[in-house]
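Q: Same order as they appear, the protein sequences are chains V and B.
According to the working numbering, the residues represented by the first sequence are 1 to 306, in order.
According to the working numbering, the residues represented by the second sequence are 1 to 288, in order.
Everything labelled a hint here was simulated from the structure, so no lab data went into it.
Some hints here could point you the wrong way.
[Stated by the list, open to error] What follows is a list of derived Cβ distance ranges for each label pair:
id: 1; chain 1: V; residue 1: A51; chain 2: B; residue 2: R201; range: 30 to 40 angstroms
id: 2; chain 1: V; residue 1: A117; chain 2: B; residue 2: R235; range: 34 to 44 angstroms
id: 3; chain 1: B; residue 1: F7; chain 2: V; residue 2: L219; range: 23 to 33 angstroms
id: 4; chain 1: B; residue 1: F59; chain 2: V; residue 2: E250; range: 37 to 47 angstroms
id: 5; chain 1: V; residue 1: P290; chain 2: B; residue 2: R201; range: 34 to 44 angstroms
In this text, all values refer to a predicted model and were calculated from it rather than measured experimentally.
For each residue, glycine too, the CB sits at the ideal point set by N, CA and C.
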Amino acid sequence: MAVRAEEPAQAGSGSRADPVGHRRGAASMTHAAGITGLYTILGFLTVLVLAPLWWIGANSFTTRETVWANVLPFSWRALLPQEFSLAGYRGIFEDGFGRAMSNTAALGFVTVVLTIAVCAPAGFAFARFAFRGKNVLWVLVLASLMVPYEATVIPAYTLIDRLGWLNSWQALIVPAIANGTAMFLFRQFFSEIPQDLLDAGRVDGASWMRILGGIVLPLSKPVLVTCSILVFLGQWNSFFWPMLVAPAEEYRVVQVAVSVLGVSQELRYWDRLFAASTLAAVVPLVLVLPLQRFYVGSIVGSGVKG
Amino acid sequence: MVRTERFTPYLFLLPALALLLVWRYVPLVTGLRESFYTNALSFTGTKEYVGLDNFRRLFDDPVFWKSVRVTFLFNAIVTPLQTVLALLLALLVNQKLRGMSAFRTILLLPVAISINVTALAWGLALDTNYGLVNGILEALGLGRQPFLRSADQALWTMVGIVSWIGVPFWTLFYLAGLQSISPEIREAARIDGANRFQIFRQITVPLLQRVTLFVVVSDTVINFTLFIPPYLLTRGGPQESTNLMMYEAWQRGFTYSDLGSSSAMALLLLVVMMAVVGLEFLLFRPRH
Numbered sequence: 001m002a003v004r005a006e007e008p009a010q011a012g013s014g015s016r017a018d019p020v021g022h023r024r025g026a027a028s029m030t031h032a033a034g035i036t037g038l039y040t041i042l043g044f045l046t047v048l049v050l051a052p053l054w055w056i057g058a059n060s061f062t063t064r065e066t067v068w069a070n071v072l073p074f075s076w077r078a079l080l081p082q083e084f085s086l087a088g089y090r091g092i093f094e095d096g097f098g099r100a101m102s103n104t105a106a107l108g109f110v111t112v113v114l115t116i117a118v119c120a121p122a123g124f125a126f127a128r129f130a131f132r133g134k135n136v137l138w139v140l141v142l143a144s145l146m147v148p149y150e151a152t153v154i155p156a157y158t159l160i161d162r163l164g165w166l167n168s169w170q171a172l173i174v175p176a177i178a179n180g181t182a183m184f185l186f187r188q189f190f191s192e193i194p195q196d197l198l199d200a201g202r203v204d205g206a207s208w209m210r211i212l213g214g215i216v217l218p219l220s221k222p223v224l225v226t227c228s229i230l231v232f233l234g235q236w237n238s239f240f241w242p243m244l245v246a247p248a249e250e251y252r253v254v255q256v257a258v259s260v261l262g263v264s265q266e267l268r269y270w271d272r273l274f275a276a277s278t279l280a281a282v283v284p285l286v287l288v289l290p291l292q293r294f295y296v297g298s299i300v301g302s303g304v305k306g
Numbered sequence: 001m002v003r004t005e006r007f008t009p010y011l012f013l014l015p016a017l018a019l020l021l022v023w024r025y026v027p028l029v030t031g032l033r034e035s036f037y038t039n040a041l042s043f044t045g046t047k048e049y050v051g052l053d054n055f056r057r058l059f060d061d062p063v064f065w066k067s068v069r070v071t072f073l074f075n076a077i078v079t080p081l082q083t084v085l086a087l088l089l090a091l092l093v094n095q096k097l098r099g100m101s102a103f104r105t106i107l108l109l110p111v112a113i114s115i116n117v118t119a120l121a122w123g124l125a126l127d128t129n130y131g132l133v134n135g136i137l138e139a140l141g142l143g144r145q146p147f148l149r150s151a152d153q154a155l156w157t158m159v160g161i162v163s164w165i166g167v168p169f170w171t172l173f174y175l176a177g178l179q180s181i182s183p184e185i186r187e188a189a190r191i192d193g194a195n196r197f198q199i200f201r202q203i204t205v206p207l208l209q210r211v212t213l214f215v216v217v218s219d220t221v222i223n224f225t226l227f228i229p230p231y232l233l234t235r236g237g238p239q240e241s242t243n244l245m246m247y248e249a250w251q252r253g254f255t256y257s258d259l260g261s262s263s264a265m266a267l268l269l270l271v272v273m274m275a276v277v278g279l280e281f282l283l284f285r286p287r288h
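From just these sequences and the hints, can you work out the full model?
A: What follows is the structure in structure tokens.
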């Protein structure tokens, strides 16, 4: 497959890549076969990605009695709503899902703002200042990326408990603010801003904080967008931590609300589970779709490139 | 002036590093400490120093060893599989082909979906008795499969489910890496008579070494501490076949209120993960 995937690169350069004239006919036949092969693979993968998303969406618009109709034995009608109904959506909103969504959106927004306020200055210091202990501190930041929070989740829970923060907003926000990835991205981006711009600010007598806020950040939209998406998606999709430290209904976030429906299916409200899953998936999709190119672009700029 | 210059970087770093210390490094140290203590529920109760007793209890427990084996097996499959598939997918969607930008957008969509929506959706789709996949398999005459309800298939099914997000996610990084390789390098090799496979093997792959290192290490970090799929889908079963160490550690702490052995297990998991990551740094470090 590796070889096949490389094919059109050569095919793209056409006759130039085929110096032996009499073999041209055979080459273009392999070329055509290669292209058909590529589209077959692309088609298969597209189905693999879209089918589950489509299935969740379609099932969210059907009645709970008909969710499993036509699955076994299978008919294509299983992929369409059997009896159109909004009962699933009505059910979850009566049950507080709207609140979970607004909770999570607000939580995401606040975390984004605080993360930028805390991590951008840190990234700037690492990018633009020489100071004692810089390397050690940078290793501390990078090493935090190697320690997944899951591994320390139990002592972190104990810490939240000791602070009396169980079931509180700060339990969901404060531990998420210092973000190693965000600091890394800010450092990479800030180190490429021309020194002249900073010097101009210094000559005018601006403080470093004013230079960062007034000159550097307005030039940093790509990294700000990437970090915002990263942090917002992190909060929107987080599940384990909120389930542990803020299980009360008042603080319920989207993913916890979905999973509560998912694991307590005694009542068989399948339509609700599908409706909640659809909404939980739609928001990040809507966010990521228009910004995907942007996102890849800033990863290219982030130093993981080859 | 000079004075402010000297303190400015530290002031800029202070909030971030203080938070990092309190929320990432302090729990690491208290977790270490916790693994030498015992009590019923230490969140409120009293502590008693027990030395290595928590570790000894783990080592005497076949459930622990089964969990270690499952974790290693899972990781030995999932990281190489996702890395290779991500590279291939990146090569594929990097081709200049009509309609490719639409395919690229679609194939990278799972990146945005949360692991628990993914787990729930695939869990239902793969259900033995009413799942969509079994419906299709039966229609194709291939017969139903138990998937997550069979001790033989559950772990493999879980590998597949997490790869539905994992492969596109790592593809993002390979794609970024591929786009930073200048076409002239390949062109030069082609003029020198290298065939496609040689170019791939001797130019593309070595130039992507840094991405590969990043992907392999990050994937290892994520999957050694994977928790949500066993929690939502299998509760570690059937017959502990999906009892990944992070799930077992959580169960010991939160289900059996045995914080000592839970912390000891999390610590061992971290040490093992670090060892694997260290090995990966040696194996995959860029050589140019």
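Q: Are the hints correct? Go through all of them and say.
A: Quick rundown of the hints versus the structure:
no.	hint	result
1	V:A51 to B:R201: 30 to 40 angstroms	holds (34 angstroms)
2	V:A117 to B:R235: 34 to 44 angstroms	holds (41 angstroms)
3	B:F7 to V:L219: 23 to 33 angstroms	holds (25 angstroms)
4	B:F59 to V:E250: 37 to 47 angstroms	holds (43 angstroms)
5	V:P290 to B:R201: 34 to 44 angstroms	holds (37 angstroms)
Hint compliance for this structure: every hint is met.
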